[in-house]
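For reference, the chains in residue letters:
Number of protein chains: 2
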Amino acid sequence: MAFKFANRMDGVKASTIREVLKLTERPEVISFGGGMPAAEFFPIEEMKEVTSKVLDEDGQLALQYGSTDGYLPLREKVVKRLGRVGIKGITADNILLTSGSQQGLDFCGKIFVNPGDLVVCESPSYLGALNAFKAYECQFADIPMDDQGIIMTELEETLRNNAKVKFIYVIPDFQNPSGRTWSLERRKQLVEMANRYDAVIIEDSPYYELRYEGEPQPAIKSFDTQNRVVYLGTFSKTLAPGMRLGWICAGEEILGKFNLVKQGADLQVNSLTQRQVNKYMEMYDLDARIEYLIGVYRKRRAVMIEQMEKCLPKEVKISVPQGGLFVWLEFPEHINTTELMKKALEKNVAFIPGDPFYPNGGGQNSARFSFSAIPEERIIEGITRLGQAVKEIL
Amino acid sequence: MAFKFANRMDGVKASTIREVLKLTERPEVISFGGGMPAAEFFPIEEMKEVTSKVLDEDGQLALQYGSTDGYLPLREKVVKRLGRVGIKGITADNILLTSGSQQGLDFCGKIFVNPGDLVVCESPSYLGALNAFKAYECQFADIPMDDQGIIMTELEETLRNNAKVKFIYVIPDFQNPSGRTWSLERRKQLVEMANRYDAVIIEDSPYYELRYEGEPQPAIKSFDTQNRVVYLGTFSKTLAPGMRLGWICAGEEILGKFNLVKQGADLQVNSLTQRQVNKYMEMYDLDARIEYLIGVYRKRRAVMIEQMEKCLPKEVKISVPQGGLFVWLEFPEHINTTELMKKALEKNVAFIPGDPFYPNGGGQNSARFSFSAIPEERIIEGITRLGQAVKEIL
Numbered sequence: 002m003a004f005k006f007a008n009r010m011d012g013v014k015a016s017t018i019r020e021v022l023k024l025t026e027r028p029e030v031i032s033f034g035g036g037m038p039a040a041e042f043f044p045i046e047e048m049k050e051v052t053s054k055v056l057d058e059d060g061q062l063a064l065q066y067g068s069t070d071g072y073l074p075l076r077e078k079v080v081k082r083l084g085r086v087g088i089k090g091i092t093a094d095n096i097l098l099t100s101g102s103q104q105g106l107d108f109c110g111k112i113f114v115n116p117g118d119l120v121v122c123e124s125p126s127y128l129g130a131l132n133a134f135k136a137y138e139c140q141f142a143d144i145p146m147d148d149q150g151i152i153m154t155e156l157e158e159t160l161r162n163n164a165k166v167k168f169i170y171v172i173p174d175f176q177n178p179s180g181r182t183w184s185l186e187r188r189k190q191l192v193e194m195a196n197r198y199d200a201v202i203i204e205d206s207p208y209y210e211l212r213y214e215g216e217p218q219p220a221i222k223s224f225d226t227q228n229r230v231v232y233l234g235t236f237s238k239t240l241a242p243g244m245r246l247g248w249i250c251a252g253e254e255i256l257g258k259f260n261l262v263k264q265g266a267d268l269q270v271n272s273l274t275q276r277q278v279n280k281y282m283e284m285y286d287l288d289a290r291i292e293y294l295i296g297v298y299r300k301r302r303a304v305m306i307e308q309m310e311k312c313l314p315k316e317v318k319i320s321v322p323q324g325g326l327f328v329w330l331e332f333p334e335h336i337n338t339t340e341l342m343k344k345a346l347e348k349n350v351a352f353i354p355g356d357p358f359y360p361n362g363g364g365q366n367s368a369r370f371s372f373s374a375i376p377e378e379r380i381i382e383g384i385t386r387l388g389q390a391v392k393e394i395l
Numbered sequence: 002m003a004f005k006f007a008n009r010m011d012g013v014k015a016s017t018i019r020e021v022l023k024l025t026e027r028p029e030v031i032s033f034g035g036g037m038p039a040a041e042f043f044p045i046e047e048m049k050e051v052t053s054k055v056l057d058e059d060g061q062l063a064l065q066y067g068s069t070d071g072y073l074p075l076r077e078k079v080v081k082r083l084g085r086v087g088i089k090g091i092t093a094d095n096i097l098l099t100s101g102s103q104q105g106l107d108f109c110g111k112i113f114v115n116p117g118d119l120v121v122c123e124s125p126s127y128l129g130a131l132n133a134f135k136a137y138e139c140q141f142a143d144i145p146m147d148d149q150g151i152i153m154t155e156l157e158e159t160l161r162n163n164a165k166v167k168f169i170y171v172i173p174d175f176q177n178p179s180g181r182t183w184s185l186e187r188r189k190q191l192v193e194m195a196n197r198y199d200a201v202i203i204e205d206s207p208y209y210e211l212r213y214e215g216e217p218q219p220a221i222k223s224f225d226t227q228n229r230v231v232y233l234g235t236f237s238k239t240l241a242p243g244m245r246l247g248w249i250c251a252g253e254e255i256l257g258k259f260n261l262v263k264q265g266a267d268l269q270v271n272s273l274t275q276r277q278v279n280k281y282m283e284m285y286d287l288d289a290r291i292e293y294l295i296g297v298y299r300k301r302r303a304v305m306i307e308q309m310e311k312c313l314p315k316e317v318k319i320s321v322p323q324g325g326l327f328v329w330l331e332f333p334e335h336i337n338t339t340e341l342m343k344k345a346l347e348k349n350v351a352f353i354p355g356d357p358f359y360p361n362g363g364g365q366n367s368a369r370f371s372f373s374a375i376p377e378e379r380i381i382e383g384i385t386r387l388g389q390a391v392k393e394i395l
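Residue numbers (this note's numbering), protein chains in the order written: chain A, 2 to 395; chain B, 2 to 395.
Just so you know, not all the hints are guaranteed correct.
All copies of an identical chain are treated as equivalent in the list; a pair is satisfied when it fits inside any one copy or across any two copies.
[To be verified] Calculated lysine-lysine pairs in the DSSO-like style (CA-CA distance at most 30 Å, straight line): (1) K392 / K14; (2) K258 / K315; (3) K348 / K189; (4) K5 / K343; (5) K165 / K81; (6) K5 / K189; (7) K165 / K344; (8) K300 / K348; (9) K78 / K189; (10) K165 / K258; (11) K5 / K89; (12) K392 / K189; (13) K258 / K78; (14) K189 / K14; (15) K258 / K14; (16) K311 / K343; (17) K343 / K318; (18) K54 / K5; (19) K5 / K165.
If you are wondering where the hints come from, they were derived from the structure by calculation, not from laboratory data. Just so it is clear, the structure is predicted and the values come from calculations on it, not from any experiment.
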């Protein structure tokens, strides 16, 4: 049988990450692949408690259909938390709850992208976003970065020469995959340039709250005076990714479109989940939980960096992130990390080769490592094996 | 600000149903609008029990990222249940769990529809599906029905004259909105015709298990020998819609595309939800629950029909469904049900006017009434008020 699928399906490919994750499910593999939170610290007892409470107090509503935009008390709590990253002057009406921020990314493609439109992104950028956008048949302009963010002269040239730019997609805090964080100055410049060229900005910030050093930067959306920044957030990295709960914050006109698209996509987020997370925030101290996670992850990051410095050749560039889940390596040009991955897998260690994060090719010598879900002694063991694999292919 | 949205957004409109539901949230309104299960019978205590059990036994996995296709034991249980509707020879690899069957509908549009393609559907058809497909810029050919299903000669003419038909979308059991059920003969003919014209069939069957009279019919997919039928199911009507859990059953080639699209859309269904529903089916008797619901709904249906026969003019055609949630009324041609709705709302009673269920216009004299969520005395009161509203506009 050959079925006639839509043209857009030609561009929809399996995520390399999810493919690698399948290979690494064997318990003997030390996998630095997925950007997974540490499961041993999930609030399991607390979730039992809040679920009982929600079902006792509010069981019928928690199991019934609800509104598309989401449970009001939870949206109000999101508004409050966004105040801390400098996003002010919004109300619960500016929030739509989504099935993780991945759903927000898919909706960005759906709402903005016509076939042939240009999506501007960082180089490298988050693979799951690139795949989501590609389903709407866009092209990508990936803009080189330095340690402050996207290089603005390069961005301006792209905006000046392309009428078909629909939005600029950035992950300004501890970027996936590069770990980079945008400077304050660059954030302001981005908004100013988007205003000038009438572009929308998608600010994807799943890791914001996981900062291990340095000063927190205000969200790019905090500089937005024209409602042109769409901010995506999530509880996946602070609470539990399996619950699939994220949010979109945007101005009224754009959020109205997101609401319409959410209706057609799956009506609403799980009613029980919304109330579980809301009740969790009422009964427990989410900030204390995040503080604890920061302690754990900061240590794991330090162990990974230290072991990489010990086991890898001096020529490998290790980018030390100020937060988030990822360390990014750049090997000498002649080392292909997909080949290195095969060698590493023989030694039961896994990571994500960097090239799929470059939508227009490149990055064959780069690689992404996540430290968050791996206990320290396993990090040491895994990076030691990686060092051996590198020696063998050199 | 005028943002440049994608062309597809021109066709994306708010669901009339969701708009009406907003108007009817006041407690004094008796609303026959939404197709909601009866919340007073939700398994609230059972959900507390299963959630504790799942979190005790499997807490880390229940809160962590999981595979895109879904939790294997639950997919296996879905396979078993599908055996009862005659769908044989499938395994868990033919099942993808989704965020309600609404997400399956959205994915059908995404996978199959190019702008300008034709979607064939029943006339009338489910509004939420029409809206989901429309986001992919299709046209509709809505085919007239009789009491056995779609009229096959009309379908054949459409298929013969249109190379751009991508799929035929049908709800063969207790259809939303008309309440109609396809005959055995017509089901077989549909598959045979789809084979002949190389069309895909989307079989949407959310109400299948809620039959109040007559013989169950095998699924259309049970006659599928060429893997061209995509079957959509859900736990929304049997367990709890707020949990947003449905499934797609399809052959390997098509399901592979659904899996890819699920990855980009939101990675996976809530891990905890999947395990809650799986554990519910292990610890409790879902069939006994459904039997109980059937008793409740059968009675409510009878009360609604009886009261309609008593309170409405003889010229109103009442279609009595063998199952499901909806009674469909056809008023004399000169009665516009949107006008009637306004009059009814003055009397604090609500329903859904029929015309939005017709993708190409028509049906201004029809209306959908749901009886499932309303206690019997409220049904009697509501239909009595409706009768008064009808008298006043006549």
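query = How would you classify K5 and K165 at a CA-CA limit of 30 Å: within, between, both, or neither?
reply = both (29 Å within a copy, 10 Å between copies)
request  = Could you place K5 and K189 in one of the four classes (within, between, both, neither) given a Cα distance threshold of 30 Å?
outcome  = between (46 Å within a copy, 23 Å between copies)
inquiry  = Checking an output row: K165 and K344, CA cutoff 30 Å. Within, between, both or neither?
reply    = Answer is neither: 42 Å inside a copy and 49 Å across each miss the 30 Å cutoff.
message = At most 30 Å between alpha carbons: which applies to K54 and K5, within, between, both or neither?
response = neither (49 Å within a copy, 45 Å between copies)
Alpha-carbon proximity context of K5 and K343, limit 30 Å = neither (35 Å within a copy, 44 Å between copies)
query = Given a CA cutoff of 30 Å, do K311 and K343 count as a within-copy pair, a between-copy pair, both, or neither?
reply = Classified as within; 22 Å inside a copy, 76 Å across copies.
task = If the cutoff is 30 Å on CA atoms, where do K258 and K14 land: within, between, both or neither? Let me know, please.
result = Cα proximity of K258 and K14: in one copy and across copies (26 Å, 9 Å).
message = One pair to classify: K78 and K189, alpha carbons no more than 30 Å apart. Within, between, both, or neither?
response = Result: close within a single copy only, 26 Å intra versus 53 Å inter.
message = One pair to classify: K258 and K78, alpha carbons no more than 30 Å apart. Within, between, both, or neither?
response = within (22 Å within a copy, 37 Å between copies)
message = Regarding K343 and K318, is the shortest C-alpha distance of 30 Å or less found within a copy, between copies, in both, or in neither?
response = within (21 Å within a copy, 69 Å between copies)
request  = Could you figure out if K258 and K315 sit no more than 30 Å apart (CA to CA) within one copy, between two copies, both or neither?
outcome  = neither (50 Å within a copy, 44 Å between copies)
ask   = For K392 vs K14, is the C-alpha pair at or below 30 Å within one copy, between two copies, both, or neither?
value = neither (32 Å within a copy, 59 Å between copies)
In terms of the numbered hints stated before, the structure departs from hints 1, 2, 3, 4, 5, 7, 12, 14 and 18, listed from lowest to highest.
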